[in-house]
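Asker: Chain by chain, the residues:
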Amino acid sequence: MTLEVREVTARYPARDGNGHAAALTGVTLRLEPGEVVGLIGPNGSGKSTLLRLLTRQLAPAEGRVLLAGRDIGGYGRFALARRVALVSQEPEVPTGFTVREAVAMGRAPHVGLLGSPKAEDDSVVEEAMRATGTLSFAHRRIETLSGGERQRAVFARALAQQPAFLLLDEPTNHLDLRYQVELLTYARRQASQGSGVLAVLHDLNLAARSCDRLVMLSAGRVVAQGAPAAVLDAELLSATFGTRVEALSTEDGPLIVPRFG
Amino acid sequence: MLPLSLLALCAVLLVAGAVGSAALTPEHLLGALVKSVRGEDLSTLEAIAWRIRLPRVLLAGLTGAGLSLAGVLFQGIFRNPLADPYLIGTASGAGFGAVLVFALGASFPPLAAIGAPLVAFVFALLTVLLVTGLAADLGGLPTARLILAGVVVGSVFTAATSFLLVAAREQSAGLLSRLLGGFGFASWGDVAALAAFTLPALLLAGAFARALDLFQLGERGAALLGLPVETVKVVLLGVATLVTAASVSVAGIIGFVGLMVPHSVRLVTGPAHARLLPVAVVWGAGFMVLADLLARTVIAPVEVPVGIVTALTGGPFFLWLLRRSRRGPAAGTP
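Line by line, the protein sequences give chains G and D.
So the first sequence is residues 1 to 261, counted in my numbering.
So the second sequence is residues 1 to 334, counted in my numbering.
One or more of the hints may lead you astray.
Here are some chain D residues pointing at chain G (derived, C-beta under 10 Å) [unchecked claim]:
| no. | residue |
| --- | --- |
| 1 | Arg79 |
| 2 | Ala192 |
| 3 | Ala193 |
| 4 | Ala195 |
| 5 | Asp213 |
| 6 | Phe215 |
| 7 | Gly221 |
Which chain D residues face chain G? A few, computed with CB under 8 Å, are given here [stated by the list, open to error]:
| no. | residue |
| --- | --- |
| 8 | Gly39 |
| 9 | Ala207 |
| 10 | Leu214 |
| 11 | Leu225 |
| 12 | Pro271 |
Note that these hints are calculated values from the structure, not bench results.
Note that CB positions come from ideal geometry on N, CA and C, so glycine has one too.
Take these sequences, add in the hints, and give me the full structure.
Answerer: Printed below as a string of structure tokens:
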């Protein structure tokens, strides 16, 4: 099973009446099971738009979005949510619910609109919580968690969906180093169990070390994709981000260092 | 929690059934029930129990259950703990519709009895659309805008209702006492009519309890889990509005029940709707029966409109909530 966009162009209706600004132009990208792909690029380059296309929150103006070779528009709502899960950048937490209850909401696509959870659903929730180290605070109210704990709970909810593809929108935002590494470790483990993971990442060094492949967007177009060492080229990065950077090679991949002055 | 609540509700029903201008015992109430079912003759006290006390207590219970249900639904869908059929203007819209039908249809009562809940529903729905349309911000429905829009739209409907009352001249006293909220005219017909709306609404809402939980992730979060957000919203807003309209046409405008009861219950059951909904419905019934008991005994033989009792308790409760919501994220929308 693959999740892909083919020659996709996406536009947002302009709020101020200045026509339709293209958010993505002619983008092609293919996500395979078992791989962790990092999506990088400056602010406004179209990373979040791409995630919106892949979760059907936005329909492409041109091109196609395909899941297992079928147009994503042809899937039922729950069927799509059983295959593709998104961890949003700043997810709303359900105030007052316990962590376990909030994680269990991830079973909704399997339980259906009017069904009730079975023993199997409970064990999937349990497993998702074990995998993310959230069992120890399962009974706390979710709004009382720290930022790192909360992000793990949201990640656990996505795992409870048992998706074939896991999309992460800047999952390490607001997290300290330990939690950043932790979260991407969970993502890697998920990939090794057969999921495809696509993560929007701002930290290029983190991306270099946690991803099999990087895709770099700039102004709505793919400007580079491939192995981290190839994409994280000093000249290309300097041009794309509009600031001078240096790429030092280290044992476990390039190290990107900005230059001042 | 639910079995305990049901037990308490039974006790409240018995007490409220017994206490009144004619003092009854549980035997009278049960005797009236059994004999009426069997078609046997009733004693005087049993006749009072059957014709006056029982329908009154049951109507109060159904109204409280319905308003509490409507409160839970509005709060769940708008993700706003201050949403209440009264505060967001729905009840005033429904009141206008009901009075309109009674004022026009007074010459032909059967039509009015059937038409009132339906026309009340239409106006209540209009109010919901108007208020949410006015209050909507880019991110959702902020509390302050929702309540402000609700109060203003509600005031307009209240003014229009007052105009109808003045224009109705000789019937206005009857209409006014109906609108102010009370169960003094309760009949078995009213009980049956309200039950016909409220009980199916309860079952439908119960079936959507999990969907309501998902709404707490925000509409986008719920949609990402596959929930047909718009469909659920239309169904549940329709149910909440219909229940509000039905209870307003039968018992008048009774405020704050849909606010106070769900809030208190949430403190006990937590926010998951599968637990919250049934308990809130039972407590709503019990609260309204007690409020009505108070209304008809506190300065007996004069009856206080029950809406006054609920407003006198609910107003301070609302202010306390408002103050509390300033300090924490408990109020949901910032």
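Asker: Indicate, hint by hint, whether the structure satisfies it.
Answerer: Cross-check of the supplied hints:
Using the Cβ-Cβ criterion of 10 Å, the hint placing D:Arg79 at the interface with chain G is satisfied: the shortest such distance is roughly 9 Å. The criterion of a C-beta within 10 Å of any C-beta in chain G is not met by D:Ala192, whose closest approach is roughly 28 Å, and the hint is violated. About 28 Å separates the beta-carbon of D:Ala193 from the nearest beta-carbon of chain G, more than 10 Å, and the hint is not met. Checking D:Ala195 against chain G by beta carbon gives a least distance of about 23 Å; that is not within 10 Å, so the hint is violated.
Given hint, D:Asp213 at the interface with chain G, holds; its Cβ is 6 Å from that chain's nearest Cβ, closer than 10 Å. A hinted interface residue such as D:Phe215 counts as satisfied when its beta carbon comes closer than 10 Å to some beta carbon of chain G; here the least separation is about 9 Å, so the hint holds. The criterion of a C-beta within 10 Å of any C-beta in chain G is met by D:Gly221, whose closest approach is roughly 6 Å, and the hint holds. The beta carbon of D:Gly39 is not positioned within 8 Å of any beta carbon in chain G (closest approach about 41 Å), and the interface hint is therefore violated.
Interface restraint check for D:Ala207: the shortest CB-CB distance to chain G comes to about 5 Å, inside 8 Å, so the restraint holds. Residue-level restraint check for D:Leu214 holds (minimum Cβ-Cβ distance to chain G is 6 Å; threshold 8 Å). At its closest, the beta carbon of D:Leu225 sits 4 Å from a beta carbon of chain G; the interface hint therefore holds under the 8 Å criterion. Because the smallest distance between the Cβ of D:Pro271 and any Cβ of chain G comes to about 4 Å, under 8 Å, the interface hint for this residue holds.
Checked against the numbered hints above, the structure breaks hints 2, 3, 4, 8 and satisfies the rest.
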